[in-house]
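Let chain A serve as the given structure and place chain B on it in line with the hints.
Chains as they are written, first to last, in the working numbering: chain A, 671 to 967; chain B, 7 to 309.
Because the hints were derived from the structure by calculation, they are not lab data.
Take these hints with a grain of salt, some might be off.
[Claimed, not checked] Here are the simulated distance ranges between beta carbons:
| no. | chain 1 | residue 1 | chain 2 | residue 2 | range |
| --- | --- | --- | --- | --- | --- |
| 1 | A | 826 | B | 203 | 28 to 36 Å |
| 2 | B | 59 | A | 737 | 54 to 62 Å |
| 3 | B | 16 | A | 874 | 15 to 23 Å |
| 4 | A | 798 | B | 82 | 28 to 36 Å |
[What the hints assert, rightly or not] Computed footprint of chain B on chain A; a stretch qualifies when at least three of its residues, placed anywhere within it, have a C-beta under 8 Å from a C-beta of chain B:
| no. | segment |
| --- | --- |
| 5 | 699 to 709 |
| 6 | 726 to 739 |
| 7 | 814 to 828 |
| 8 | 912 to 922 |
All residues carry an ideal CB built from backbone N, CA and C; glycine is no exception.
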Amino acid sequence: MIDERDIQDKDINLGAPNKGAASVRVRRIVAYIVLILLSILCLVWFYILFINATRSNGDLSRGFRAYPSDRLFVNLNNLFHGTLPVARGMLNSLIIAALSAVLTTYFSTMTAYAIHAYRFKCRKAIFVFILAVMMVPTQVSALGFQQMCHNMGLENSYIPLVLPSVAAPVVFFYLKQYMDSNLPGELLEAARMDGAGEIGIFNIVVVPMMKPAIAVQAIFAFVGSWNNYFMPSLLLHKDEMKTLPILIAQLRAADWLKFDMGQVYAMIAFSIFPVIIVYLILSRYIVGGVTAGSVKG
Amino acid sequence: MSRKLSHTQRVNRWGYIFLIPFLLAFVIFQLIPLISTIYNSFFENYMSGLTHIGPTFVGLENYKKLLSGGELLQYTKNTMIMWILGFVPQILISLLLAAWFTDPSLRLKGQRFFKTVIYLPNLIMASAFAMLFFTLFSNVGPVNSILVSTGILRHHFEFMSHVGSVRGLVALMNFLMWFGNTTILLMAGMMGIDTSLFEAAEVDGATAGQIFRKITLPLLKPIFVYVLITSLIGGLQMFDVPQILTNGTGDPMRSSMTLIMWLNKHLYNRNYGLAGALSVLLLIITGILSLIVFKATAAEEVD
Numbered sequence: 671m672i673d674e675r676d677i678q679d680k681d682i683n684l685g686a687p688n689k690g691a692a693s694v695r696v697r698r699i700v701a702y703i704v705l706i707l708l709s710i711l712c713l714v715w716f717y718i719l720f721i722n723a724t725r726s727n728g729d730l731s732r733g734f735r736a737y738p739s740d741r742l743f744v745n746l747n748n749l750f751h752g753t754l755p756v757a758r759g760m761l762n763s764l765i766i767a768a769l770s771a772v773l774t775t776y777f778s779t780m781t782a783y784a785i786h787a788y789r790f791k792c793r794k795a796i797f798v799f800i801l802a803v804m805m806v807p808t809q810v811s812a813l814g815f816q817q818m819c820h821n822m823g824l825e826n827s828y829i830p831l832v833l834p835s836v837a838a839p840v841v842f843f844y845l846k847q848y849m850d851s852n853l854p855g856e857l858l859e860a861a862r863m864d865g866a867g868e869i870g871i872f873n874i875v876v877v878p879m880m881k882p883a884i885a886v887q888a889i890f891a892f893v894g895s896w897n898n899y900f901m902p903s904l905l906l907h908k909d910e911m912k913t914l915p916i917l918i919a920q921l922r923a924a925d926w927l928k929f930d931m932g933q934v935y936a937m938i939a940f941s942i943f944p945v946i947i948v949y950l951i952l953s954r955y956i957v958g959g960v961t962a963g964s965v966k967g
Numbered sequence: 007m008s009r010k011l012s013h014t015q016r017v018n019r020w021g022y023i024f025l026i027p028f029l030l031a032f033v034i035f036q037l038i039p040l041i042s043t044i045y046n047s048f049f050e051n052y053m054s055g056l057t058h059i060g061p062t063f064v065g066l067e068n069y070k071k072l073l074s075g076g077e078l079l080q081y082t083k084n085t086m087i088m089w090i091l092g093f094v095p096q097i098l099i100s101l102l103l104a105a106w107f108t109d110p111s112l113r114l115k116g117q118r119f120f121k122t123v124i125y126l127p128n129l130i131m132a133s134a135f136a137m138l139f140f141t142l143f144s145n146v147g148p149v150n151s152i153l154v155s156t157g158i159l160r161h162h163f164e165f166m167s168h169v170g171s172v173r174g175l176v177a178l179m180n181f182l183m184w185f186g187n188t189t190i191l192l193m194a195g196m197m198g199i200d201t202s203l204f205e206a207a208e209v210d211g212a213t214a215g216q217i218f219r220k221i222t223l224p225l226l227k228p229i230f231v232y233v234l235i236t237s238l239i240g241g242l243q244m245f246d247v248p249q250i251l252t253n254g255t256g257d258p259m260r261s262s263m264t265l266i267m268w269l270n271k272h273l274y275n276r277n278y279g280l281a282g283a284l285s286v287l288l289l290i291i292t293g294i295l296s297l298i299v300f301k302a303t304a305a306e307e308v309d
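With the rest of the complex left out, here is chain A (with noise of 0.2 Å):
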């Protein structure tokens, strides 16, 4: 595996051992440098968001600052009475968040559930068709799919934004992962020996005990959920009914420069915020979480 140049290397190493300690030292250097420049490149743009946020129109046209002002409440408040139905966009894409949510995990933990714990004949078979299936994005058949709601007069409701949720195969992945080492076997047989029912079993025994895993893919559905704009925007038409992408894409087509500049930064910040301070108190198991359903081990 190591070639000639590669021992010479070596040689050279070995005669100066110092060297190899302050090459260390330097590379360590190197490392903080480039990784604190990544963060600010990463920080940057919402501590401008905030500082923006909280200063007035006018202000904001004098050019930029690098300190708050203590106009956010103002923002806010003028944004809440303002022309877009932002609180009621706000109520809209929780309800579709956490209903998916929901239903994504509990169901998803089910199709893992049939696939890890019975062995029944197309066991295999539909394990590999939802693989196969993971991949494909949902966009190929929106049009199918509009054109279905359309039909079925379910546009303007939440029902074709949540329900498909049922199905998703990543999730399923994740949690079947899960399941294969951390549901024992001899769990299942106990409880069943103690005469409980199979949807017993699964609803007292099982799902608590992938309280940890579903609990992950929980937060990655509800924020996938939050962020999601292609569907919603070609369902959604009612002002009552829209989410918070939608009135964000509004704002954009507006004519913005007529704008209180204050306000658009505030109903940035607010889409923007409340994901981000979720993010913070959760970032241990989110970040956790992140490899364990795509690489194996």
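Okay, now just chain B, sitting in the frame of chain A:
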């Protein structure tokens, strides 16, 4: 014995029952719409002003129209350019960070803080993030205000009217939203490598760079393939960011119009024939790409 077997069989029937919700939702909300999308692609069906033309069966006409027009090529090119501009720095930075985070000789402090920060943009509402960039980079926005007041620029720069800057902003946002995610995925892959390999190499006197090139990279190949292809599939679906940034126009001169933005446009204008053909094309491309991922990673999961 036979009674026990029949009992097991009876219990195992519950497997089918527990699969019912998934299968029902899948068939109703994904399979039937997909079939009807494919069906639509063979029909002439659009709005011309207020009159509805069709639906009339036209065979492969929609596909011919789609493939012969220059738009498909142009929008595919736009999508790919913006994806590559975001992906190349993303994979390089992620690889570097993942190597640093997992390098035991560096012993970096504050890892959890850095991971939390770099993953944060991934959870931000893409449409709000794009709207934020639009206001920050507008002609009277704070970025121009800073550039002019510090004397870097004499006049404001119109970020939204130049092909390079619009594509660059889309790529920058995609980079920011995804490099943390990729770093964490690559880290998981690196930590999965048997540490005795590193120890053996160290005993043999290999340098950090050599260990990285000769051991880490080759063993990371499956995760590499996974990251590359899933990112490509995600790139093909690029929509929210350029849609909001350019207000759906893909300007300047449609240089930032992506495939899904085009699909969205057809769907809005009830141009169902072409929308159907475009969907089928996207389905075929993502299908092929998914197959590669499936072969590379998921196949071994099936016991």
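When I compare C-beta atoms, does the segment 912 to 922 of chain A have three or more residues closer than 8 Å to chain B? Contact hint for the segment 912 to 922 of chain A vs chain B: holds, 6 residues under 8 Å.
Should the hint that residue 16 of chain B and residue 874 of chain A are 15 to 23 Å apart at their CB atoms be regarded as holding? Since residue 16 of chain B and residue 874 of chain A have Cβ atoms about 20 Å apart, the given range 15 to 23 Å holds.
Counting residues of the segment 699 to 709 of chain A that have a beta-carbon nearer than 8 Å to any beta-carbon of chain B, does the count reach 3? Since 6 is at least three, the answer is holds.
The hint says 28 to 36 Å between residue 826 of chain A and residue 203 of chain B; measuring C-beta to C-beta, is that right? For residue 826 of chain A and residue 203 of chain B the Cβ distance comes to about 58 Å; the hint is violated.
Are there at least three residues in the segment 814 to 828 of chain A whose beta carbon sits under 8 Å from a beta carbon of chain B? holds (count 5)
Confirm or reject the coverage of the segment 726 to 739 of chain A by chain B under the rule of 3 or more residues with a beta carbon closer than 8 Å to the chain's beta carbons. It holds: at least three residues are needed, and the segment 726 to 739 of chain A offers 3 whose Cβ sits within less than 8 Å of chain B.
Pairwise beta carbon distance, residue 798 of chain A to residue 82 of chain B, judged against the given window 28 to 36 Å: holds, 31 Å
Should the hint that residue 59 of chain B and residue 737 of chain A are 54 to 62 Å apart at their CB atoms be regarded as holding? The hinted range 54 to 62 Å holds for residue 59 of chain B and residue 737 of chain A, with Cβ atoms some 59 Å apart.
When held up to the earlier numbered hints, the structure conflicts with hint 1 and nothing else.
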